[in-house]
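Colleague: Okay, here's what each chain looks like letter by letter:
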Amino acid sequence: MIPEISHLLTILAAGLFLFSFLVILSSNALSSTDSIIRLSLNCFNAATIFLISAFILYVYLAVMDDFSVKYIAMHSNSDLPIFYKISSIWSSHEGSMFLWILFLSIWLWLFVNRLDTQSNLFRYVIFFSAMVLLFFLLFLLVTSSPFERILPLAPINGGDINPVLQDPALVIHPPMLYLGYVGFAVPFVYICAYLADGEFRQGWENIIQKWSLYAWAFLTLGIGLGSWWAYYELGWGGYWFWDPVENVALMPWLAATAFTHSIHASTKSGVLKSWTLFLGLSVFILSLFGAFIVRSGIIDSVHSFANDPQRGLTLLLITGVIALISFGLFSFRSTKIVNSRLVVSGSKESFLSLNNILMITSIFSVFLGVIYPLITQYFYSTKVSIGPPYYNTIFAPLIFIAACFIALSVESKWQRKWKLTETLSKLGIPILISCFLTFIVQSLHQYSVSLIQIIGLFSGIFIILIYALKLLMNLVNREFINWSSAISHLGFGLLLFSIAGNSIFSYEKNLKLNVNEEYISEELEISFDDLSLKDESNHQRIIAQINMKIHDKIISFSPEKRKYFTRGQVTSETDIEATFLRDIYINIGEQLDDGSWTFRVQFNYLIKWIWFSILLMILGILIRSRAVV
Amino acid sequence: MKSKIRYIFLLVPISIIVFFAYVISQSQNEASQPLNLELPEFQLQTLDNKTLSKKDISSGTYLINVWASWCITCRVEHPFLIDLKNKGVPIIGLNYKDNKDDAINWLKSFKSPYEISIHDFYGTLALDLGVTGAPETYLLKDGIIVRRHIGELNIEKWRQDFADFF
Numbered sequence: 001m002i003p004e005i006s007h008l009l010t011i012l013a014a015g016l017f018l019f020s021f022l023v024i025l026s027s028n029a030l031s032s033t034d035s036i037i038r039l040s041l042n043c044f045n046a047a048t049i050f051l052i053s054a055f056i057l058y059v060y061l062a063v064m065d066d067f068s069v070k071y072i073a074m075h076s077n078s079d080l081p082i083f084y085k086i087s088s089i090w091s092s093h094e095g096s097m098f099l100w101i102l103f104l105s106i107w108l109w110l111f112v113n114r115l116d117t118q119s120n121l122f123r124y125v126i127f128f129s130a131m132v133l134l135f136f137l138l139f140l141l142v143t144s145s146p147f148e149r150i151l152p153l154a155p156i157n158g159g160d161i162n163p164v165l166q167d168p169a170l171v172i173h174p175p176m177l178y179l180g181y182v183g184f185a186v187p188f189v190y191i192c193a194y195l196a197d198g199e200f201r202q203g204w205e206n207i208i209q210k211w212s213l214y215a216w217a218f219l220t221l222g223i224g225l226g227s228w229w230a231y232y233e234l235g236w237g238g239y240w241f242w243d244p245v246e247n248v249a250l251m252p253w254l255a256a257t258a259f260t261h262s263i264h265a266s267t268k269s270g271v272l273k274s275w276t277l278f279l280g281l282s283v284f285i286l287s288l289f290g291a292f293i294v295r296s297g298i299i300d301s302v303h304s305f306a307n308d309p310q311r312g313l314t315l316l317l318i319t320g321v322i323a324l325i326s327f328g329l330f331s332f333r334s335t336k337i338v339n340s341r342l343v344v345s346g347s348k349e350s351f352l353s354l355n356n357i358l359m360i361t362s363i364f365s366v367f368l369g370v371i372y373p374l375i376t377q378y379f380y381s382t383k384v385s386i387g388p389p390y391y392n393t394i395f396a397p398l399i400f401i402a403a404c405f406i407a408l409s410v411e412s413k414w415q416r417k418w419k420l421t422e423t424l425s426k427l428g429i430p431i432l433i434s435c436f437l438t439f440i441v442q443s444l445h446q447y448s449v450s451l452i453q454i455i456g457l458f459s460g461i462f463i464i465l466i467y468a469l470k471l472l473m474n475l476v477n478r479e480f481i482n483w484s485s486a487i488s489h490l491g492f493g494l495l496l497f498s499i500a501g502n503s504i505f506s507y508e509k510n511l512k513l514n515v516n517e518e519y520i521s522e523e524l525e526i527s528f529d530d531l532s533l534k535d536e537s538n539h540q541r542i543i544a545q546i547n548m549k550i551h552d553k554i555i556s557f558s559p560e561k562r563k564y565f566t567r568g569q570v571t572s573e574t575d576i577e578a579t580f581l582r583d584i585y586i587n588i589g590e591q592l593d594d595g596s597w598t599f600r601v602q603f604n605y606l607i608k609w610i611w612f613s614i615l616l617m618i619l620g621i622l623i624r625s626r627a628v629v
Numbered sequence: 001m002k003s004k005i006r007y008i009f010l011l012v013p014i015s016i017i018v019f020f021a022y023v024i025s026q027s028q029n030e031a032s033q034p035l036n037l038e039l040p041e042f043q044l045q046t047l048d049n050k051t052l053s054k055k056d057i058s059s060g061t062y063l064i065n066v067w068a069s070w071c072i073t074c075r076v077e078h079p080f081l082i083d084l085k086n087k088g089v090p091i092i093g094l095n096y097k098d099n100k101d102d103a104i105n106w107l108k109s110f111k112s113p114y115e116i117s118i119h120d121f122y123g124t125l126a127l128d129l130g131v132t133g134a135p136e137t138y139l140l141k142d143g144i145i146v147r148r149h150i151g152e153l154n155i156e157k158w159r160q161d162f163a164d165f166f
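One line per chain: the protein sequences are W and D, in this order. For the first sequence, my numbering begins at 1 and goes up steadily by one. For the second sequence, my numbering begins at 1 and goes up steadily by one.
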């Protein structure tokens with residue numbers, strides 16, 4: 001009965017969104033009175049409450065192990081701890097879509113209720129919000145219903161959550177990521193409303209700026225958590241793989257980053273307005289595009305859900321309609337947008353506009369990397385795969401240019417022309433020091449370092465140095481400093497530095513060892529001391545005991561392999577010894593025919609610094625969001 | 001903005017949509033391409049302790065359905081297979097990496113849609129067939145595999161790819 005109630009509430013929510021949408025549609029601008037808008041808002045609010053209740057009931061079903069619900073039976077199991085029962089809801093397509101829509105409705109609901117109902121844009125905001133929600137609820141109900149039941153005989157136990165997903169990161173990575181993706185629906189609907197209204201009043205940026213900053217923080221955190229998860233739990237031994245699904249998350253992130261910069265320029269000095277509007281629309285459209293790529297199954301990836309072309313086509317249709325409506329509004333209305341000022345060359349605004357161009361270029365490059373294999377597969381019948389070399393070659397020069405512009409822009413002022421000689425004289429010393437430091441760091445490494453790595457290293461050090469100097473000046477001379485910008489950009493510089501350092505210094509060894517066998521080289525000794533078996537409630541563990549002697553210190557490791565009974569899946573649990581500068585990472589591989597085991601030993605330098613720098617960037621943005629009214 | 005440039009903001013999304021619509025329609029065709037593979041040699045016990053090998057099923061038309069008692073989708077698929085059985089379609093079960101007692105109990109409690117069910121505990125025949133998981137369904141015609149479907153078999157899939165053979 002409860003599954004039907006949950007289902008019914010969702011259908012009612014869709015109906016109410018439809019009603020809310022139709023009420024606005026049928027009332028034209030002149031006759032729309034307060035009461036009509038109020039009616040539409042009430043429907044919208046009720047729909048959201050229905051949807052939230054439906055989701056809470058669904059969580060209850062998952063917690064109570066109602067395996068008559070097909071989705072729960074396929075992805076949960078009564079032996080799971082309670083938080084995995086809940087997180088099993090977003091471990092596959094239908095449930096995660098449900099969560100995605102729930103978050104979308106909550107964001108929009110909060111936004112709509114904070115807007116002034118008297119505002120001219122209000123009715124348009126409701127209209128576009130209800131439209132987007134209606135489309136996705138219909139998609140959920142028609143093509144991917146999580147409410148289907150197995151009747152009359154329900155299975156006794158469920159099919160279990162995929163063991164790879166039995167990790168605390170699953171509880172939090174997808175929700176954070178979704179909060180980020182759909183958070184950009186707020187600027188999206190507002191910009192659509194602004195364009196549809198066509199009056200182009202001033203001050204619209206202030207209303208959405210704070211929302212965009214929060215959404216950016218969630219998106220960044222979500223991507224960061226995903227990368228951390230891949231490293232610690234999935235045993236991939238790295239933090240970023242240019243996997244198609246990572247790429248489709250990176251595109252909205254790049255657009256969002258450009259958008260948060262651009263909106264700053266339009267609030268501060270009334271320039272780059274068209275840019276800001278365009279980017280605001282693009283972030284959400286790119287998020288939808290990402291959802292389409294992941295859920296249509298046209299691209300093979302660890303993240304993709306089951307292949308269902310019908311579903312993919314529907315999602316493409318929805319994304320396409322939303323994109324055409326919003327970009328159509330943009331292309332026909334934005335001709336009337338007038339910037340209050342012109343961009344002065346060498347001013348802060350001019351650098352922000354260059355930043356927009358660089359970001360769009362990187363988005364396009366990633367996009368090309370994602371679709372190029374499809375183009376060759378379907379038009380030339382050859383399969384190619386595009387990997388790290390492509391992206392590294394594209395990104396290194398872009399990042400170098402960005403670093404130079406960041407450095408130049410630090411001393412620039414709003415609306416004021418830039419004094420070339422003064423800026424350059426201030427930058428001379430940091431450039432020299434960065435070159436010197438880059439030289440020192442790369443010479444610590446005994447083998448050759450590629451140009452791309454040097455560019456990355458230099459860019460990172462340069463940005464860190466510029467902002468460190470800025471902080472120093474603030475401490476010594478009480479010079480003005482924009483804290484949020486300084487912290488975020490320090491984070492960005494540190495990110496570049498850690499990525500470059502990681503790629504230069506990290507190395508790995510693949511070993512083949514029998515029990516009681518040793519591997520000895522100049523710098524380290526590794527001995528495989530023991531192998532034990534252990535039975536747990538839902539899996540069997542094979543645990544290896546490894547001792548490593550490095551720099552006269554002995555470290556013991558116990559990497560393991562787990563075999564899960566319900567699905568017969570095998571996963572490996574990495575063991576990591578972490579110090580300030582590096583992680584030693586041991587992963588147990590396969591048992592070979594002669595009884596020996598393979599091990600992968602990695603020395604990952606600066607990898608924790610990557611996550612730390614991501615946190616710094618988020619901190620900077622949160623400081624900024626407090627300053628925004 | 002110049003009036004012609006603005007059409008770019010429409011043309012770019014439209015071309016991307018058309019491109020992906022094409023890709024999806026192509027990938028749909030790919031999924032149902034006919035096969036022409038010979039059934040691999042095998043000799044395995046059935047769940048009722050008989051021995052079955054390739055030659056026993058190399059003439060005539062059969063469905064081979066990969067299933068297991070741990071497989072939830074197989075439960076979902078089950079009523080449709082019973083329908084097929086009632087229409088006279090001979091189905092051979094390939095019980096995949098399953099505990100024998102669990103499998104026999106499963107068949108007892110839900111009624112068996114299978115003529116016989118091969119017990120492939122180690123997944124050897126499944127490996128030769130290229131099984132990716134349960135459920136999966138193969139169409140065997142005179143010792144040649146001519147169709148393959150991954151996942152739940154339903155009425156649309158059946159009409160589209162399998163029905164013509166019976």
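Heads up, some of the hints might be wrong.
As the list claims (entries may be wrong) - The calculated BS3-like cross-link candidates involving lysine-lysine, where the alpha carbons are at most 30 Å apart (straight line), are:
{"#": "1", "chain 1": "D", "residue 1": "157", "chain 2": "D", "residue 2": "141"}
{"#": "2", "chain 1": "D", "residue 1": "55", "chain 2": "D", "residue 2": "111"}
{"#": "3", "chain 1": "D", "residue 1": "50", "chain 2": "D", "residue 2": "4"}
{"#": "4", "chain 1": "W", "residue 1": "561", "chain 2": "W", "residue 2": "608"}
{"#": "5", "chain 1": "D", "residue 1": "100", "chain 2": "W", "residue 2": "561"}
{"#": "6", "chain 1": "D", "residue 1": "54", "chain 2": "W", "residue 2": "534"}
{"#": "7", "chain 1": "W", "residue 1": "470", "chain 2": "W", "residue 2": "608"}
{"#": "8", "chain 1": "W", "residue 1": "563", "chain 2": "D", "residue 2": "97"}
{"#": "9", "chain 1": "D", "residue 1": "54", "chain 2": "D", "residue 2": "4"}
{"#": "10", "chain 1": "W", "residue 1": "336", "chain 2": "D", "residue 2": "141"}
{"#": "11", "chain 1": "W", "residue 1": "561", "chain 2": "D", "residue 2": "50"}
{"#": "12", "chain 1": "W", "residue 1": "268", "chain 2": "W", "residue 2": "210"}
{"#": "13", "chain 1": "D", "residue 1": "4", "chain 2": "W", "residue 2": "563"}
{"#": "14", "chain 1": "W", "residue 1": "534", "chain 2": "D", "residue 2": "157"}
{"#": "15", "chain 1": "D", "residue 1": "97", "chain 2": "D", "residue 2": "108"}
{"#": "16", "chain 1": "W", "residue 1": "563", "chain 2": "D", "residue 2": "108"}
What the hints contain is simulated information worked out from the structure, not anything from laboratory work. None of the values given here were measured: they were computed from a predicted structure.
Colleague: Would you list, in rising numerical order, the hints stated earlier that this structure does not obey?
Modeller: 3, 6, 9, 10, 11, 13, 14
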